[in-house]
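Mind docking chain Z on chain R? Use the hints.
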Amino acid sequence: MAQKVAMPKLGLSMEDGKIVSWLVAEGDVVKKGDMIFEVETEKLSQEVESDYAGTVLKILVPEGETVDCGVDILILGEPGEDISGL
Amino acid sequence: MEMNKDTMLDLYRQMWRMRSFEELAATEFKAGKLQGFVHVGVGEEASTVGVICQARLTDYTTATHRGHGVVLLKGAEAKLMYAELGGRATGLCKGRGGSMHMADLEKGILGTNGILGAGAPIAMGVALGIKYKKLDDVVFCYFGDGQSNEGGIHEAMNMAGALKLPIIFVCTNNQYGMWTPLTKASANVDLAKRAEGYGIPGAAVDGNDVLAVWESAGVAIDRARKGEGPSFLELKTYRYYPHSVGLPDPWRPKEEIEEWRTTRDPIDRFGKVLMAQDVKQETLEAIEKETVDEMQEAFNWAMQQPFPDVTQAYQDVYTNLAVEGRTV
Numbered sequence: 001m002a003q004k005v006a007m008p009k010l011g012l013s014m015e016d017g018k019i020v021s022w023l024v025a026e027g028d029v030v031k032k033g034d035m036i037f038e039v040e041t042e043k044l045s046q047e048v049e050s051d052y053a054g055t056v057l058k059i060l061v062p063e064g065e066t067v068d069c070g071v072d073i074l075i076l077g078e079p080g081e082d083i084s085g086l
Numbered sequence: 001m002e003m004n005k006d007t008m009l010d011l012y013r014q015m016w017r018m019r020s021f022e023e024l025a026a027t028e029f030k031a032g033k034l035q036g037f038v039h040v041g042v043g044e045e046a047s048t049v050g051v052i053c054q055a056r057l058t059d060y061t062t063a064t065h066r067g068h069g070v071v072l073l074k075g076a077e078a079k080l081m082y083a084e085l086g087g088r089a090t091g092l093c094k095g096r097g098g099s100m101h102m103a104d105l106e107k108g109i110l111g112t113n114g115i116l117g118a119g120a121p122i123a124m125g126v127a128l129g130i131k132y133k134k135l136d137d138v139v140f141c142y143f144g145d146g147q148s149n150e151g152g153i154h155e156a157m158n159m160a161g162a163l164k165l166p167i168i169f170v171c172t173n174n175q176y177g178m179w180t181p182l183t184k185a186s187a188n189v190d191l192a193k194r195a196e197g198y199g200i201p202g203a204a205v206d207g208n209d210v211l212a213v214w215e216s217a218g219v220a221i222d223r224a225r226k227g228e229g230p231s232f233l234e235l236k237t238y239r240y241y242p243h244s245v246g247l248p249d250p251w252r253p254k255e256e257i258e259e260w261r262t263t264r265d266p267i268d269r270f271g272k273v274l275m276a277q278d279v280k281q282e283t284l285e286a287i288e289k290e291t292v293d294e295m296q297e298a299f300n301w302a303m304q305q306p307f308p309d310v311t312q313a314y315q316d317v318y319t320n321l322a323v324e325g326r327t328v
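Going down the list, the sequences are from chains R and Z. Final position of the first sequence in this note's numbering is 86; the numbers increase by one with none missing. Final position of the second sequence in this note's numbering is 328; the numbers increase by one with none missing.
For the record, the hints were derived by calculation from the structure and aren't laboratory data. Every residue, glycine too, gets a C-beta built ideally from N, C-alpha and C. Check before you lean on any hint, since a few could be wrong.
To be verified - Quick look at which bits of chain R chain Z covers, simulated, 3 or more residues with Cβ under 8 Å:
| hint | segment |
| --- | --- |
| 1 | 1-13 |
| 2 | 43-52 |
Claimed, not checked - 25 Å max Cα-Cα, derived DSS-like pairs, lysine-lysine:
| hint | chain 1 | residue 1 | chain 2 | residue 2 |
| --- | --- | --- | --- | --- |
| 3 | Z | Lys164 | Z | Lys133 |
| 4 | R | Lys18 | Z | Lys133 |
| 5 | Z | Lys289 | R | Lys4 |
| 6 | Z | Lys272 | R | Lys32 |
| 7 | R | Lys32 | Z | Lys164 |
| 8 | Z | Lys33 | R | Lys4 |
| 9 | Z | Lys164 | Z | Lys134 |
| 10 | R | Lys4 | R | Lys32 |
| 11 | R | Lys32 | Z | Lys254 |
| 12 | R | Lys31 | Z | Lys254 |
| 13 | R | Lys32 | R | Lys18 |
| 14 | Z | Lys254 | R | Lys43 |
| 15 | Z | Lys107 | Z | Lys226 |
| 16 | Z | Lys107 | Z | Lys94 |
| 17 | Z | Lys5 | Z | Lys226 |
| 18 | R | Lys31 | R | Lys58 |
| 19 | Z | Lys289 | Z | Lys272 |
| 20 | Z | Lys289 | R | Lys32 |
| 21 | Z | Lys134 | R | Lys31 |
| 22 | Z | Lys133 | Z | Lys254 |
| 23 | R | Lys43 | Z | Lys33 |
| 24 | Z | Lys5 | Z | Lys289 |
One chain only, chain R, in its complex shape (with noise of 0.2 Å):
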């Protein structure tokens, strides 16, 4: 089943958090714990892990974009699932 991946909350002050760039593009196949993304917030600039395993099906955010907390910003699931519900 298709999973959605948010803007993690890595602190107690982030409110949002800036993609600097995609490790990984659509089509790849993502393990859990494999680094998907590197996020620059106020205080920090590190790369992310995958709390979920799948194949990245859409990338829903840009390199460069600044998005908050919690909006979803990658589909992860089934090779050729149909995503257009979610």
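Then chain Z, alone, in the frame of chain R:
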């Protein structure tokens, strides 16, 4: 060591309860549902379960900043703990304490503690009270390898030895104080050897072998109950998550984390011991799933709870409210 199968299965379940609690706390922290900071002890289950699951209700324990497991397994309710982590009014400490000030005095849980090493003097005071009242309860005093170099730990271990206080000093040596490896913090990394300096017994134990931990903790507990004084257990283990959930962790080698996870995991290892004694894999998988469900249910309850009203901000802060002009 002789242990019946029911007790062993219960230990396995308690290890999974701790892991499931922590995994969900980590996930929901990143989802923004929990307040403050959370330090989870995934990977350290044997070192917690093997000791604290031998405690009686009337025994006491301190816990560190990474103390959810100790609090849970000393008998606190998971749903109240999640409510506490979520800052809810019905949390274990009314949502005021959070992860690092989580206490349940009726269960003998003296509190997690954000100040490193600060549990030891507290444990010593409580142990002195137990001795004064001539009771046979004991106090568990948890700290990590990083905290082992704090002054309060040394003072407490020395004085507890001198006064023969009923304390089990439990060092969860996960080999890193935040990001600093023990090898850079101490010239002597065999922490158990320090016990000799205090004139108390010390044991270095494989902290990922729950039965070894259980056995050595049992010896220390017996000794403390008989009034023979404190002991020091060094439990060598590892944590899989960064120091605090959400922090970067680039200085621990990935291969090292992976090696501990895949070849030395305390739950996997104990599962193999159980299967060698004819416990079915399905039984173990069912236990895992039950704990995941238990924690999810507890978390869901917690998220339905109200936040404290702002007018209660000063409640429980002062014992004497008769200060002129103060209306709260």
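Against the earlier hints, flag every one the structure doesn't satisfy and list their numbers going up. 4, 7, 17, 21, 22
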